[in-house]
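Chemist: The chain contents come next:
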Amino acid sequence: MILALYFFSLLLAIGLEATIFSVPLTLVSIIALCVMQRKEWVYIVAVAAGLLLDSLTFRPLGVNALFFLIAVGLIFLYQKKFETHHMLFGVLFSLVASGIYLVLFTNEPFVASMCSVAGLSSLIFGLPFFFQSFPKKTPANFIL
Amino acid sequence: MKEKQYFLPVFVLCLVFVFFIVFLGRFGVLGFFTNSVQNVFFPFGQLLHSQTVISSSTVESLQKENASLRTQLVDMHALQADNAALRDQFETSVPLTNTLLPVQVVGMGNAIPNISFPENIIIHAGKKEGVQSGNVVIVKNEVVGTIASVSDHYAVVQLVSSRQSSFPAITSASQAIGVAKGNGNGDIILDNVLLSQDLKVQDTVVTKGNQDIQGKGFPPDLLVGKIVSVDKNPSSLFQKARIVPLIPFDQLTMVFVVRN
Chain A
1 MILALYFFSL LLAIGLEATI FSVPLTLVSI IALCVMQRKE WVYIVAVAAG
51 LLLDSLTFRP LGVNALFFLI AVGLIFLYQK KFETHHMLFG VLFSLVASGI
101 YLVLFTNEPF VASMCSVAGL SSLIFGLPFF FQSFPKKTPA NFIL
Chain B
1 MKEKQYFLPV FVLCLVFVFF IVFLGRFGVL GFFTNSVQNV FFPFGQLLHS
51 QTVISSSTVE SLQKENASLR TQLVDMHALQ ADNAALRDQF ETSVPLTNTL
101 LPVQVVGMGN AIPNISFPEN IIIHAGKKEG VQSGNVVIVK NEVVGTIASV
151 SDHYAVVQLV SSRQSSFPAI TSASQAIGVA KGNGNGDIIL DNVLLSQDLK
201 VQDTVVTKGN QDIQGKGFPP DLLVGKIVSV DKNPSSLFQK ARIVPLIPFD
251 QLTMVFVVRN
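The listed protein sequences correspond, in order, to chains A and B.
Just so it is clear: in the first sequence, position 110 is 110 by our numbering, and no numbers are missing.
Just so it is clear: in the second sequence, position 130 is 130 by our numbering, and no numbers are missing.
Hint data in this document are derived by calculation from the structure and do not stem from the laboratory.
A couple of the hints might just be wrong.
[Said to hold, decoys possible] If the Cβ cut is set under 10 Å, some of the chain B residues that face chain A in the computed set are:
id, residue
1, F33
2, V37
3, F44
4, T99
5, L100
6, L101
7, P102
8, V103
9, Q104
10, N120
Cβ atoms here follow ideal geometry from the backbone N, Cα and C, with glycine treated the same way.
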């Protein structure tokens, strides 16, 4: 059920980003999916979402997919070094990744988009944090 | 027991796949995929876009009236110039109605509604409808932009207010010639105007015409906007003016493509 909600949100984010908003909604959704699920299939979802977004934004096919893949790869790379399940990591990573994304793929409006990302990511990562629904690191699944 | 994870192999596989897609995409092999995705998603996008367009009837009617009055003003200035008969003929024939293609707007690029202005719009017509890269897009006799990229059934229109846009323009009253450059956020700058030429606030700016032998480029006498401020410095080589378009690009729902 939750996964279906994630995928619906992702498709909605792609549709909105391609037609109305210049805010990197898809990127934030993928980061959220990655932080919350932490499974290998997130890579495939990131690539698929990137290809869809490329097609809809008339960008060269594969560039968004490559960016999303690298972003997800970085999260998985640093999951042993940082508390990737923490709210602040999600918000900060979303802000940094969105900043780079906006510089690379769009011309403007940088400040308005970054403010939107800050608000959106705080909401996405903050709400589950406060409701304590994030998967917690326990000694059983903690990777040394 | 801890489940074994395969982050690195999956990442490498996906990376290889993406590079393969990028490689194929460069040769246009995956055009069918792009077209299919656009055909599925853009009808929903059109629905979303139409919901965001604010329809304030009073403001809309005043804007229409204002645009209509400015059109009449341009006509009047043109009639006052020499060779009135020839001008009259051009005014009634540019652009030719049989070259116009009415097209629905399905999306906006690089914009947040009511916060920032779009740099481009996406329209529901492409190669299959005879739209080519470089075609001019208008509404009535007001210029909207040019086709920047085109797929089978969709195209991206680069607005005249986008930072990449640049074309020759002329003021209707004083006939001052300059280069209209997009300034982003809905603004246009009329630059490279000689200091000796007269720029006035509220003067209307029209395209000078820069069509090539294949008919690509802006036809002359299309409305660009009105001058809202003039920046004239005696020590500079040129003066410039800020132009505001007469039509709200972010509220367009239908435009016309001028086919060659």
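Chemist: Close enough to count: is the Cβ of V37 (chain B) nearer than 10 Å to one in chain A?
Modeler: Check passed: Cβ of V37 (chain B) comes within 4 Å of chain A, closer than 10 Å.
Chemist: Taking the least C-beta to C-beta distance, is P102 (chain B) closer than 10 Å to chain A?
Modeler: 20 Å, violated
Chemist: Would the hint on N120 (chain B) be counted as holding, given a Cβ-Cβ threshold of 10 Å to chain A?
Modeler: With a minimum Cβ separation of about 9 Å from chain A (threshold 10 Å), the hint on N120 (chain B) holds.
Chemist: At a threshold of 10 Å, is the proposed contact between L100 (chain B) and chain A supported by beta-carbon distances?
Modeler: 23 Å, violated
Chemist: Just to be careful: measuring from the Cβ of L101 (chain B) to every Cβ in chain A, is the smallest value less than 10 Å?
Modeler: 19 Å, violated
Chemist: Using 10 Å as the Cβ threshold, decide whether V103 (chain B) counts as touching chain A.
Modeler: 15 Å, violated
Chemist: So, F33 (chain B) near chain A? Judge it on the closest CB pair being under 10 Å.
Modeler: Hint holds; F33 (chain B) Cβ to chain A Cβ min 7 Å, cut 10 Å.
Chemist: For the hint on F44 (chain B), just tell me whether its beta-carbon gets within less than 10 Å of chain A.
Modeler: Holds: closest Cβ of chain A sits about 6 Å from F44 (chain B), inside 10 Å.
Chemist: Using Cβ atoms only, decide whether Q104 (chain B) comes closer than 10 Å to chain A, and label the hint accordingly.
Modeler: For Q104 (chain B), the interface hint is violated, since the closest Cβ of chain A sits about 12 Å away, which is over 10 Å.
Chemist: Can T99 (chain B) be said to touch chain A, with a Cβ gap under 10 Å?
Modeler: Check failed: Cβ of T99 (chain B) comes no nearer than 24 Å to chain A, outside 10 Å.
Comparing the model with each numbered hint stated earlier shows that hints 4, 5, 6, 7, 8 and 9 do not hold.
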